[in-house]
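**Student:** Chains W and A are the protein sequences, given in the same order.
Going by our numbering, the first sequence opens with residue 541, and the numbers climb by one from there.
Going by our numbering, the second sequence opens with residue 15, and the numbers climb by one from there.
No wet-lab data here; the hints were simulated from the structure.
Just so you know, these numbers come straight off a predicted model, no measurement behind them.
Beta carbons: idealized from backbone N, C-alpha and C, even for Gly.
Misleading hints may appear alongside valid ones.
Claimed, not checked - Here are the simulated distance ranges between beta carbons: (1) W/L559 to A/S118: 28 to 38 Å; (2) A/R263 to W/Q688: 37 to 47 Å; (3) A/A149 to W/R689: 55 to 65 Å; (4) A/A154 to W/E543: 51 to 61 Å; (5) A/S118 to W/I601: 40 to 50 Å; (6) A/P80 to W/P645: 18 to 28 Å.
As the list claims (entries may be wrong) - Some residues of chain A that are not near chain W, with every Cβ distance over 10 Å (derived): (7) S48; (8) T100; (9) V126; (10) S168; (11) H171.
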Amino acid sequence: MSELLRTERLTKHFKIGGLLSRRTLHAVDDVSFSIGEHEIVALAGESGSGKSTIARVLARIYQPTSGQVYFEGKPLSAIRSRRDGLRYASLVPMVFQDPFASINPVFRAQHGVLRILKLHRPELSAKQRLDEAARVFGVVGLGADMLQRFPYELSGGQRQRVGFAQALAMRPKLILADEPVSMLDVSIRIGLLNLMAKLRDEEGVSILYITHDIASARYVADRLIVMYAGQIAESGPIEEVLTAPKHPYTQLLLSAVPDPMAPLSQVTDRGEPPKVVDPAPGCRFRWRCPLAIEQCSAVTPALAEVRPNHEVACHVAQTGAEVRAFAS
Amino acid sequence: MSEGHEILEVSGLSVDYMLPQGSGADIRAVDDVSFTVDRGEFLGIVGESGCGKSTLLFAVAQLLAPPAHLAAGTVKFKGANLVGLTDRQLSAIRWCDLSVVMQSAMNALNPVKSIGAQFKDALQAHGKPSKEEIAARSAAVMRMVGIDPVHLKSYPHQLSGGMRQRSMIAMAMLFTPDLIIMDEPTSALDVVAQRALMLQIKELQQTYGFAVIFVTHDMSLISHFSDRLMVMYAGQIDELGATRTIFARPLHPYTQGLLEAFPSIHGPRVPLKGIPGNPPDLAMIPSGCRFHPRCPHAVERCTVTAPDLYPVDGDLVRCLRRQDGSLSSREEGSLSR
Chain W
541 MSELLRTERL TKHFKIGGLL SRRTLHAVDD VSFSIGEHEI VALAGESGSG KSTIARVLAR
601 IYQPTSGQVY FEGKPLSAIR SRRDGLRYAS LVPMVFQDPF ASINPVFRAQ HGVLRILKLH
661 RPELSAKQRL DEAARVFGVV GLGADMLQRF PYELSGGQRQ RVGFAQALAM RPKLILADEP
721 VSMLDVSIRI GLLNLMAKLR DEEGVSILYI THDIASARYV ADRLIVMYAG QIAESGPIEE
781 VLTAPKHPYT QLLLSAVPDP MAPLSQVTDR GEPPKVVDPA PGCRFRWRCP LAIEQCSAVT
841 PALAEVRPNH EVACHVAQTG AEVRAFAS
Chain A
15 MSEGHEILEV SGLSVDYMLP QGSGADIRAV DDVSFTVDRG EFLGIVGESG CGKSTLLFAV
75 AQLLAPPAHL AAGTVKFKGA NLVGLTDRQL SAIRWCDLSV VMQSAMNALN PVKSIGAQFK
135 DALQAHGKPS KEEIAARSAA VMRMVGIDPV HLKSYPHQLS GGMRQRSMIA MAMLFTPDLI
195 IMDEPTSALD VVAQRALMLQ IKELQQTYGF AVIFVTHDMS LISHFSDRLM VMYAGQIDEL
255 GATRTIFARP LHPYTQGLLE AFPSIHGPRV PLKGIPGNPP DLAMIPSGCR FHPRCPHAVE
315 RCTVTAPDLY PVDGDLVRCL RRQDGSLSSR EEGSLSR
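Bound conformation, chain W alone (with noise of 0.2 Å):
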């Protein structure tokens, strides 16, 4: 498998509060992965762990602090002219968390797509046009009568199908899909799932899941990634990571994963949520964590490989002892 994107050492601070107390926030910090092609790759963690800032990141809304993303090996800091900036966002476009807010009310619902062709592929005539709107649509699952209705008259599951028939139309690479189904009842989440699954498999289209329900994500993905606080604590292939964790972060939110199937277990920890502004050297995990040692406060934890492809955050973890923080 050949690799699309990789990040070197990404990071995005913000800053905040007044001119007096001028503070920096870690949203991302030092945040190196890659995707490779046909590859549905899963961004997983708490809300505020920097998952959708990546996704900003990689979609170029948002300049790094430092750090570099590669994009078929070609820096994005490269990119100048406005025909490379909209040849890099049809490549890889997004689809957003909600789509009662991501699609324009006041026109049809081929109106997106349309317009998505008008400007990326202007080599298309108006007939073509209508026709490749109604061959993604087909792709996504919709019929061709969905082509002429107002997002109204739609549903929660056929309002992202639209959002995913958009980015296809843009003949993606890499499709940057943000929570796309957390919103959506439980009874249609799967069949966005499955269209995700199908879009790798029938169109050769990568995917960045990004999700905080870990169920959903072994569903669909090859990999799983896991920030915690900015950065990533444990990332592997999606089965051996939820089989044998070694972070004891991935061991405490596998262990909170409810499932009906499995005898209750009794997590002890209460969830609050880390410190990112202005963060101490050190792992940022390690006020919850049970077996911090001495280390774990002096120095940041790097990402190293204990298994092959399997990489962890953890001294103790790196050490080769065997971390079992929480029971799952």
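Please arrange chain A on chain W, whose structure you already have, making use of the hints.
**Tutor:** For chain A alone, coordinates are given in the frame of chain W:
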């Protein structure tokens, strides 16, 4: 309690949303719902958006505001019918005997008042407690939910989402009520905080013996916490029974579909189908069984006859084919995981 263990008895409750004149009939969001809650019981209500679960809660707590209005039914709380009571009569019951925890704590708490000042307001609305009594009780309920009482001086924006939700629950417990109604109190929290809050609610309930009605769209969340489960679809009860029984053998095809719509982090990775179609628009309710357009087992008569809530195996199920036993175990086999 002359009538036994029941603390709440809802019968034939229907709620309509009035439309402006000339734009058609009123929309019935809750249709003929009857259930009881025992003292100290944990009742879970699950359903998708628009199934009427929040409207039902508002109707039970007598909090409906126009255009919603109660069309029929009674809500008996500790033997007295709440329907038709004046605001003054209701305010004597609210907080003291029955309290409500809303979905979004950020919206339910007053942003310009400290947590302690809001506790004081509630306490002073029901008597004339002294300063010391207020301070003691406020600190006590904060400790019950595991927050340091110094946060009584904090404003809502200074607390994390989990702490806000906990302080809402603390506020609901100021008078140790007999019934606490919770409308998706955990939906804004991440899974770790969510699990911690659920464990806390269960522990408090066991210690203080109040009953809980817990509304959620996430069935797996309450699987370990509720005693009985009520599944709602299109304004009606579809299935009502003991939680563990329903998870072990769901009877209504909709409940089965809901259970199969959740991927699991354990076991083999199996492809799931979810439930085809979309939840119905309450203005255009399907004929016969409301679930028949999405039901894999629907037969001709399901499209014609509207099923009642039938007792089957100790549960209540709104399914014609369950009632006459024509839904065979062989057909079910194709559904179960």
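**Student:** So the hint says 28 to 38 Å: do the beta-carbon atoms of W/L559 and A/S118 match that?
**Tutor:** holds (33 Å)
**Student:** Confirm or reject the statement that A/H171 sits farther than 10 Å, beta carbon to beta carbon, from all of chain W.
**Tutor:** Fine: 14 Å to the nearest Cβ keeps A/H171 off the interface.
**Student:** Per the stated criterion, does the least C-beta distance between A/S48 and chain W lie above 10 Å, as a non-interface residue requires?
**Tutor:** holds (25 Å)
**Student:** At the C-beta level, are A/A154 and W/E543 separated by a distance inside 51 to 61 Å?
**Tutor:** At roughly 58 Å between Cβ atoms, W/E543 and A/A154 fall inside 51 to 61 Å, so the hint holds.
**Student:** How does the Cβ-Cβ distance of A/P80 and W/P645 compare with 18 to 28 Å: does it lie in that range?
**Tutor:** holds (25 Å)
**Student:** Is it correct that the beta-carbon of A/T100 has no partner in chain W closer than or equal to 10 Å?
**Tutor:** holds (38 Å)
**Student:** With respect to the beta-carbon atoms only, verify the hint that A/A149 and W/R689 lie 55 to 65 Å apart.
**Tutor:** Taking Cβ atoms as reference, A/A149 and W/R689 lie about 59 Å apart, which means the hint holds.
**Student:** Quick one: are A/R263 and W/Q688 within 37 to 47 Å, going by C-beta?
**Tutor:** Cβ of A/R263 to Cβ of W/Q688: about 44 Å, so the range 37 to 47 Å holds.
**Student:** Checking the smallest CB distance to chain W, is A/V126 really beyond 10 Å?
**Tutor:** holds (20 Å)
**Student:** Does the claim that A/S168 lies outside the interface with chain W hold up, using a Cβ gap greater than 10 Å?
**Tutor:** Holds, since 14 Å exceeds 10 Å.
**Student:** Has the hinted range 40 to 50 Å been met by the Cβ atoms of A/S118 and W/I601?
**Tutor:** violated (27 Å)
Of the numbered hints listed earlier, the single one contradicted by the structure is hint 5.
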